[in-house]
Amino acid sequence: MNFIRELLVLPVSCLIFLNRYLKIFKNLELYRWKWNIGGNIDDACRYLQMYALEKGIEEASSMAEALLERQKDSAIASCMGFLNIRIKRSLDGAEAWIKKAENTETVNPQMLLLLKLVIASLEERPERGAIIEEMLSRNDLPTSYTLTALCEKAEYAIHQNDWKTPEEIASYILDIMDYPLAHWLHWMCHMKNEKTEDAEKEFNLLKKQVNEPRLSYYLGLGYFYCGREEQSRSALKHALQAGFDYTLVPPSVRRFIAAGNGFTVSLP
Numbered sequence: 130m131n132f133i134r135e136l137l138v139l140p141v142s143c144l145i146f147l148n149r150y151l152k153i154f155k156n157l158e159l160y161r162w163k164w165n166i167g168g169n170i171d172d173a174c175r176y177l178q179m180y181a182l183e184k185g186i187e188e189a190s191s192m193a194e195a196l197l198e199r200q201k202d203s204a205i206a207s208c209m210g211f212l213n214i215r216i217k218r219s220l221d222g223a224e225a226w227i228k229k230a231e232n233t234e235t236v237n238p239q240m241l242l243l244l245k246l247v248i249a250s251l252e253e254r255p256e257r258g259a260i261i262e263e264m265l266s267r268n269d270l271p272t273s274y275t276l277t278a279l280c281e282k283a284e285y286a287i288h289q290n291d292w293k294t295p296e297e298i299a300s301y302i303l304d305i306m307d308y309p310l311a312h313w314l315h316w317m318c319h320m321k322n323e324k325t326e327d328a329e330k331e332f333n334l335l336k337k338q339v340n341e342p343r344l345s346y347y348l349g350l351g352y353f354y355c356g357r358e359e360q361s362r363s364a365l366k367h368a369l370q371a372g373f374d375y376t377l378v379p380p381s382v383r384r385f386i387a388a389g390n391g392f393t394v395s396l397p
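Our numbering numbers the first residue of the sequence shown as 130 and each following residue consecutively.
Any given hint could turn out to be false.
In silico DSS-like cross-links for lysine-lysine, where the CA-CA straight-line distance does not exceed 30 Å [unchecked claim]:
| no. | residue 1 | residue 2 |
| --- | --- | --- |
| 1 | K336 | K321 |
| 2 | K228 | K293 |
| 3 | K228 | K282 |
| 4 | K321 | K337 |
| 5 | K229 | K217 |
| 6 | K229 | K293 |
| 7 | K217 | K201 |
| 8 | K152 | K184 |
| 9 | K152 | K201 |
| 10 | K217 | K336 |
| 11 | K337 | K324 |
| 12 | K282 | K324 |
| 13 | K336 | K324 |
| 14 | K184 | K229 |
| 15 | K293 | K321 |
| 16 | K330 | K282 |
| 17 | K184 | K228 |
| 18 | K293 | K330 |
Using C-beta positions, here's what the derived DEER-type ranges look like [to be verified]:
| no. | residue 1 | residue 2 | range |
| --- | --- | --- | --- |
| 19 | D291 | E326 | 19 to 29 Å |
| 20 | K152 | N322 | 44 to 54 Å |
| 21 | N268 | N290 | 26 to 36 Å |
In short, the hints are calculated from the structure, not lab data. We put the CB at the ideal spot given by N, CA and C, even for glycine.
Kindly produce the complete structure, drawing on both the sequences and the hints.
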């Protein structure tokens, strides 16, 4: 049955690819066809993302609630949780979707782990470390989840004044693939160890892969972790002027920013 569905959905996948150039059909409709024909939960989530961005998250939420009740798959709740963060800048809204999934007793609960980690990280909750270790102990998560957990582990180690772990994690990731946050970790570690030339090399690699204003934010965060307050505030201010949204950054960073002369970010 799955094989037949894959055959049936293949023409729609081809249309989606061709529509990037031809722009004949509405992408939203194409993804709806793909989801309805193939029944793939990833396609359902992709459709919900596009629907929320085009029609509004409230309408998408109603659709997602019905789908969650029917399919009972945590991927739906994870998708909607991240949309609440992306569109509404609401961690409470994201957490509500975690509770909906848990109350519905959904399958694939591991798909909620990344959302839980993002919330714990942004709010600097004590369970952050436990979530990281759980994610890294599993072998049923997407690669993107594992990469995020590794970088979170490195950043969490820095909070504990452990600079060996982030350097090891950065090297481990870069041995497998070229990844911007691994270059950011290396840049910080080299800067902390006063390896100026190595730090400059990593920075040059980083700026090729990360655009403004996020680049300035990462620089400001790196200087912040290394105790270089003046350089940190300068980079963070540049990120703000370039349009970076500080609504969702860790409380310790927001307090640091708000304490800067002539540079304020509202605190909750």
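Outcome of the hint check:
1. K336 / K321: 19 Å, holds
2. K228 / K293: It is violated: about 37 Å lies between the C-alpha atoms, which goes past 30 Å.
3. K228 / K282: Roughly 25 Å between the alpha carbons, so the hint for K228 and K282 holds.
4. K321 / K337: 22 Å, holds
5. K229 / K217: Answer holds: K229 to K217 is near 18 Å, not above 30 Å.
6. K229 / K293: 39 Å, violated
7. K217 / K201: 24 Å, holds
8. K152 / K184: Roughly 19 Å between the alpha carbons, so the hint for K152 and K184 holds.
9. K152 / K201: Violated: K152 and K201 sit about 34 Å apart, past 30 Å.
10. K217 / K336: 29 Å, holds
11. K337 / K324: With Cα atoms ~21 Å apart, K337 and K324 stay inside 30 Å; holds.
12. K282 / K324: Status holds; Cα separation ~23 Å.
13. K336 / K324: 18 Å, holds
14. K184 / K229: 22 Å, holds
15. K293 / K321: 11 Å, holds
16. K330 / K282: Given that 30 Å is the threshold and the Cα spacing comes to 23 Å, the pair holds.
17. K184 / K228: 24 Å, holds
18. K293 / K330: 19 Å, holds
19. D291 / E326: 19 to 29 Å: 24 Å, holds
20. K152 / N322: 44 to 54 Å: 51 Å, holds
21. N268 / N290: 26 to 36 Å: 31 Å, holds
The structure fails to meet hints 2, 6, 9 from the earlier list, while all remaining hints are met.
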